[in-house]
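Engineer: Everything in the sequence shown is counted per the working numbering, starting at 1 for the first residue and increasing by one.
Because the hints were derived from the structure by calculation, they are not lab data. All values reported here derive from a predicted model rather than from experimental measurement. Keep in mind that a hint or two might mislead.
Derived DSBU-like pairs: lysine-lysine, alpha-carbon spacing no greater than 30 Å straight-line [to be verified]:
id : residue 1 : residue 2
1  : Lys-95    : Lys-18
2  : Lys-95    : Lys-176
3  : Lys-20    : Lys-152
4  : Lys-126   : Lys-20
5  : Lys-25    : Lys-50
6  : Lys-95    : Lys-20
7  : Lys-176   : Lys-146
8  : Lys-55    : Lys-176
9  : Lys-126   : Lys-95
10 : Lys-20    : Lys-55
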Amino acid sequence: MSEAHWYVVHTYSGYENKVKANIEKTIENRNLQDQILQVSVPMQEEVEIKNGAKKEVSRKMFPGYVLIHMVMNDDTWYVVRNTRGVTGFVGPGSKPVPLTEAEMIPLGIEIEDKRVEDKKIVVDLKVGDTIVITNGVWANQIAEVKRIDEHKGMLTIDVGMFGRETPTEISFADVKKLD
């Protein structure tokens with residue numbers, strides 16, 4: 001028996017979870033558990049901050065795509081390819097190309113019991129917005145957003161100190177947007 005690899009399947013946008021459910025049902029009905037091992041819709045946890053309130057949300061990392069860990073043969077190819085909502089495998093022509101280990105790591109797919117997770121912070125602010133600082137030494141002070149660093153979760157603002165504007169970094173969680 002061949003070795004199982006991860007493959008990418010293109011779906012209609014918004015049908016990812018339905019395709020996953022349909023493939024899993026077909027696996028059960030046709031007793032293919034030893035050939036199609038896992039079906040995954042990669043999700044990314046994000047921290048969204050709106051009006052000073054934090055909220056964790058899950059978003060699809062790749063809308064329109066489903067990942068499948070399977071042994072590629074004529075039967076499994078046929079089952080996946082003919083699932084309602086699937087438009088095809090990713091690869092040249094009709095030949096599916098498996099993902100490499102390097103491609104799988106940023107997706108958070110488990111490889112030898114290792115899982116890579118990355119939380120991205122999304123904030124509803126943009127450069128030039130006026131904010132009020134809610135915590136810390138500058139609490140209740142009003143400032144203008146000069147720079148946004150989503151990776152670090154920080155804003156650069158100008159704070160009035162000693163009679164002049166001084167650039168200062170502050171956490172997303174310590175500010176609230178003024179309307």
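Engineer: Next step is simple, just say for each hint if it's right about the structure.
Structural biologist: We went through each hint and held it up to the structure:
1. Between Lys-95 and Lys-18 the alpha-carbon distance is near 24 Å, which keeps this suggested pair within the 30 Å criterion.
2. With a C-alpha separation of about 51 Å, the suggested pairing of Lys-95 with Lys-176 is violated against the 30 Å cut-off.
3. For the suggested pair Lys-20 and Lys-152, the alpha carbons sit about 34 Å apart, so the restraint of at most 30 Å is broken.
4. With a C-alpha separation of about 36 Å, the suggested pairing of Lys-126 with Lys-20 is violated against the 30 Å cut-off.
5. Restraint check for Lys-25 and Lys-50: not satisfied, since their Cα atoms lie roughly 39 Å apart, outside the 30 Å limit.
6. Proximity of Lys-95 to Lys-20 is assessed by CA-CA distance (about 21 Å); at most 30 Å being required, the pair is judged to hold.
7. A threshold of 30 Å between alpha carbons decides the hint, and for Lys-176 with Lys-146 the separation of about 15 Å falls inside it, so the pair holds.
8. Annotation: proposed proximity of Lys-55 to Lys-176 holds, straight-line Cα distance about 14 Å (limit 30 Å).
9. Taking the CA atoms of Lys-126 and Lys-95, the gap is near 44 Å; set against the 30 Å cutoff, the hint is violated.
10. Using a Cα cut-off of 30 Å, the hinted pair Lys-20 and Lys-55 holds, with the two alpha carbons roughly 27 Å apart.
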